[in-house]
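There are 2 protein chains.
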Amino acid sequence: MKKIDELHLKARELTDLNSILALLQWDQEVMLPHGGSEGRAGQISVLSSIVHRKITAPALGEILAELSEKPEELSAADLALIRVMKREYDKNTKLPEKFVAEFSRLVSQALPVWVEARKKNGFGLFLPLLEKIISMSRQKADLLGYEEHPYDALLDLYEEGLTVSELDPLFTDLKDNLSQLLRRKLSQQQKPIPDITAGMPPMSVRDQVRFSEKILQEIGYDFNRGRQDISAHPFTTSLGHNDRRVTNRFRPDSLEFIFSALHEGGHALYEQNIAGEYAETPLDEGVSLGIHESQSRLWENIIGRSYQFWEKYYPLLQELLPDQFRDVPLDDFVVYINKVHPGLIRVEADEVSYNLHVLIRFELEKGVLEGAFAAASLPALWNEKYKEYLDVDVDSDANGALQDIHWAHGSFGYFPTYTIGNLAAAQIWHKYCLFDPDYRQTLVQGKLDRIRNWLTENIYRYGALYTPAELLEKVCGEPLNSMFFIEYLKNKPEFSL
Amino acid sequence: MKKIDELHLKARELTDLNSILALLQWDQEVMLPHGGSEGRAGQISVLSSIVHRKITAPALGEILAELSEKPEELSAADLALIRVMKREYDKNTKLPEKFVAEFSRLVSQALPVWVEARKKNGFGLFLPLLEKIISMSRQKADLLGYEEHPYDALLDLYEEGLTVSELDPLFTDLKDNLSQLLRRKLSQQQKPIPDITAGMPPMSVRDQVRFSEKILQEIGYDFNRGRQDISAHPFTTSLGHNDRRVTNRFRPDSLEFIFSALHEGGHALYEQNIAGEYAETPLDEGVSLGIHESQSRLWENIIGRSYQFWEKYYPLLQELLPDQFRDVPLDDFVVYINKVHPGLIRVEADEVSYNLHVLIRFELEKGVLEGAFAAASLPALWNEKYKEYLDVDVDSDANGALQDIHWAHGSFGYFPTYTIGNLAAAQIWHKYCLFDPDYRQTLVQGKLDRIRNWLTENIYRYGALYTPAELLEKVCGEPLNSMFFIEYLKNKPEFSL
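The listed protein sequences correspond, in order, to chains V and G. Using the numbering used here, read the first sequence as starting at 1 and increasing by one per residue. Using the numbering used here, read the second sequence as starting at 1 and increasing by one per residue.
Hint data in this document are derived by calculation from the structure and do not stem from the laboratory. Among these hints, one or two may not hold up.
One copy or any two copies: either way a pair holds, since identical chains are not told apart in the list.
Said to hold, decoys possible - Calculated lysine-lysine pairs in the DSBU-like style (CA-CA distance at most 35 Å, straight line):
1. Lys447 <-> Lys474
2. Lys91 <-> Lys175
3. Lys385 <-> Lys2
4. Lys385 <-> Lys431
5. Lys10 <-> Lys98
Here the structure is a predicted model, which is why all the values come from computation and not from measurement.
Work out the full structure: start from the sequences and follow the hints.
Next comes the structure, spelled out in structure tokens:
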């Protein structure tokens, strides 16, 4: 058998096993009876071990080495497969099993302590474990290897090829522009924006589910190849080429479900439109967290908070939730969902301030990892930066340095992918608007298939064929650039209706 | 490491992998979007291969051989583990991989042909494939090995240790008594029993779900360690020690959901009450199909069609489905759900005629397998026997020899477990009534925990610790016997209300 065919066989088996792991996790979040948690953890651990043994098998390493050295006649898809499998193999073999086990034990220990510390607003409770996590993350970076900055090794885990030297100028641009923009937008918003949810009758789960289903169908989510369920936190997962599921949560008094549906819908559209030829291979997924986030943010924010989109779909919302929206004018709704209001909490941030939250985390992660300051200084530095960039006073560590789960999770290097997503979304949308100068009409008429088809043609269908940087270069003709995002925000008419 | 500890490790891994397979199948029946079928089949096949390689691994064979020859200090649970694992190992190693693959291909081919043949009422369409299935089933029996009758090898797959020489006298008893009893009951039922569902307003899914949940809770099903969902055919499955799920189906005009809830509930009570010490071992399941069926039938029929049970729970049914049951007297309801009406279809049969359907299949399977007649004769023989035992004229092969999926599935040897279940249920119930002579009061008062606790104490908690025959001997003090079932039917007052 040819080496590449051997690789295909192994890749297919691993892809299937990873889909099964995804099902175990989906079921855990969505269906699992309370009593089943411990058993499920055992099942996930058994299957993860099997996957780990397979991805680190010396036989796989040899195939990859041979294919890297003296390539047979290989297609672009074959070369991409080798690239993706080699990344997985390297990531898994560079970290000794003992290190992985220890890190995973540390994280299991840290998570409940972080929950407790946040509840009690006591950073000191969490500090000793955070120090260990930082020290092990630094070791992890050393084990994985890097050329310039240890943080590069961690960034690459989430966003292939991303480096500090690429991020620094992007974030500098954002820092210079966003704080200023924020002040300008706030001054434009002179009269207070009415809270349209105040006094609104509670929304039933059933009505919210119906609207979410409808709007997912409208953007082109295929329920024949997916489903929508309820979970504590909305997410999208892939259980196979034709099984891309989304979840949402439905509260009686929050409009969050609308934007979660569009956000998860964007992730799912990406995955549902990967070319069939990549089914059951590791190319059958979005290429990176950043590119994935660009699609969720594009559908959630750029499209889903535009006036034109709601010109078309606000009547649907009014029809399905009449008691809540019948008497709210479209203009009030659009202004409300675009309200700029810098605050303490990242996940509640508006489009202008969101990336300042990420910037702060990037600066702190980078600094603490290179040893520029100690973990104990994080809360004070956090609070300083929030005052400087967002002009808000942090009232407690619970709403400050303890707010995100990521550090307790050991996920240093993850945050910047959110900003990559926002920047890439604007850059890709700019390109789309050149292709469809009447994009406003396209939105008003609900011809969303036009947008989806263009995205499929240029991005979705490729799956992980190109690296994130190659893909962006191919779509936009230039590397990632913060200008398009800043321009988008500056010119967004919905802020100043 | 001690051999027995090695075995425990392997058993635990296999148990977890089998639970994962169960999840893949549960999700397929209950959740999977239409488009996901093919991908799911691939995932099941990949994981099944891994399980097959593990259960047939020579290293496992050696451990089992060593443990069988010179036993270390072993507990009863260890010995049972060896017994159950050896059965699995033998079943899987005795059949060559090529044979298994060919049989599985044949069955995949046969299933759609059977569906088509049944639709067109053309036994001839299915015959060539059925002949191959019978010939391969005979080969399978030879490969598995047997002492007396080739059918014994197939029976043992579903009911450990069951043989033709044990079944023959049981079925002879049933044949002699049931046809006679059937005639007697029919003559007692002189005035026609009114169809209480005729003209009944359609039952909503929501109301049926609520009643099913309530009645499951009443019999002691623990929703904290399970859930109820909807599927095309009701089933129970185990995804782990604390995750035993049931399904049901809900039609607007059928009372089937009530008895499916009790039937699947019976299966689930068995599994939910296995002792915690067997969690994540192969002992953590009902010991055989027959014993499992005894529990579903006990809750569905012996308890669930008794007057006393409905004295307690009919008000609940009337409360939750008032438009349907408000004006139906309890007596009419109990008479209706116990109506004796011999017919063509096994799954619709009443308690008296049910085992005659099984008897016919047993006689035909046994005969065709030993070569007493050809597959082509099955429809004629089928029709003859239906006339003789049930006094019904078979109007078509679709309602005759083509009615069940089992032969197309290659499951020769499965049918008798249904009868084992019915007989064992009556025998076990007889024993319970000796323990609780006031059992009628127990039912009227809804003290179902009394019954469930006794069953747990005597049956459920043991899981697969004892063989089916050992277990029955232990509970009842004698082997399986058809007398208790025949007496139960003869004396059942609900038939002659």
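Evaluation of the provided hints:
{"no.": "1", "hint": "Lys447 <-> Lys474", "verdict": "within (25 Å within a copy, 71 Å between copies)"}
{"no.": "2", "hint": "Lys91 <-> Lys175", "verdict": "within (33 Å within a copy, 68 Å between copies)"}
{"no.": "3", "hint": "Lys385 <-> Lys2", "verdict": "neither (56 Å within a copy, 59 Å between copies)"}
{"no.": "4", "hint": "Lys385 <-> Lys431", "verdict": "within (34 Å within a copy, 76 Å between copies)"}
{"no.": "5", "hint": "Lys10 <-> Lys98", "verdict": "both (25 Å within a copy, 22 Å between copies)"}
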